[in-house]
Amino acid sequence: MSQEIRDSLLLAIQSGDANAFGRWMAEAEPRIRASLRSFASQVDTEAVLQETLLRIWQVAPRVEVDTRGDALLRMGVRIGRNLAIDHVRARQAQPEADVDVSTLEQQACDSAEPDPLLRQMIADCIGELPGKPAQAFHARLYGAGAEPDETLAVRLGMKLNTFLKNFGRARAFLIECLGGRGVELSCITGERV
Amino acid sequence: MDTESLIEQVASAHRERSVDGDVKYARGWHDLNEADRVKAFDVAAQNRELEAALDAEGLSSTARAVLARLGR
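Chains as they are written, first to last, in our numbering: chain A, -19 to 173; chain B, 16 to 87.
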């Protein structure tokens, strides 16, 4: 998705189109997440990121498209950074270093359009997962962040720790499987975890 | 719970909300040391990348959770 398309989505977002915001988030979320990595040791970046995305939705009607492009994304990165700093201050700690927003934006990975071929490759790898890890992976995937792991584990008849171990095994298996097919994940860190 | 499981838990996209609507920290986050919090960040990034790749609209669980808050 080009910057021009992201900017064109801004008008729809400003009119309250949540589907347009979803399309925008598909592109923007990895970039904003990457911009928060330097805060990861001091704040829960997932919580900060979700709060950031909610605030972006709220302020979007006041954002104007400018000649630099990606005005909403640039604002989002700043909102995320400021929220993270607020959280650090609230915990009475200091950030490790000041953050250059422009540099952070450059560090963010390029998110991809939905790729049917990649989706099929992942689906093929999921099909090779052992039973319990497959159950844990599917539960998280279909849960889409709506339910805590405790609930998902109970539903699967697993203890929480067992569920988490199985999910970790599933991810490791999938990364290994995809690697064997020439697909590397982790565009943010540039290395496998 | 051991560190490996705590990292997996923190890397989930699920976050509780406070009574005033703020997004709360994952329960296990405070139990991780700084290095393991960064590991959890990287695991979460991988999880979101897999989720988005599997989603027809390219949305991760984070994006889905946010959209649910908007009442999409």
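Misleading hints may appear alongside valid ones.
Listed next, the in silico DSSO-like pairs over lysine-lysine satisfying Cα-Cα at most 27 Å (straight line) [stated by the list, open to error]:
id, chain 1, residue 1, chain 2, residue 2
1, A, K112, A, K139
2, A, K145, A, K112
3, A, K139, B, K39
4, A, K145, B, K39
What the hints contain is simulated information worked out from the structure, not anything from laboratory work.
The hints, checked one at a time:
no.	hint	verdict
1	A:K112 with A:K139	12 Å, holds
2	A:K145 with A:K112	10 Å, holds
3	A:K139 with B:K39	23 Å, holds
4	A:K145 with B:K39	24 Å, holds
Every hint, counting from the list given before, is met by this structure.
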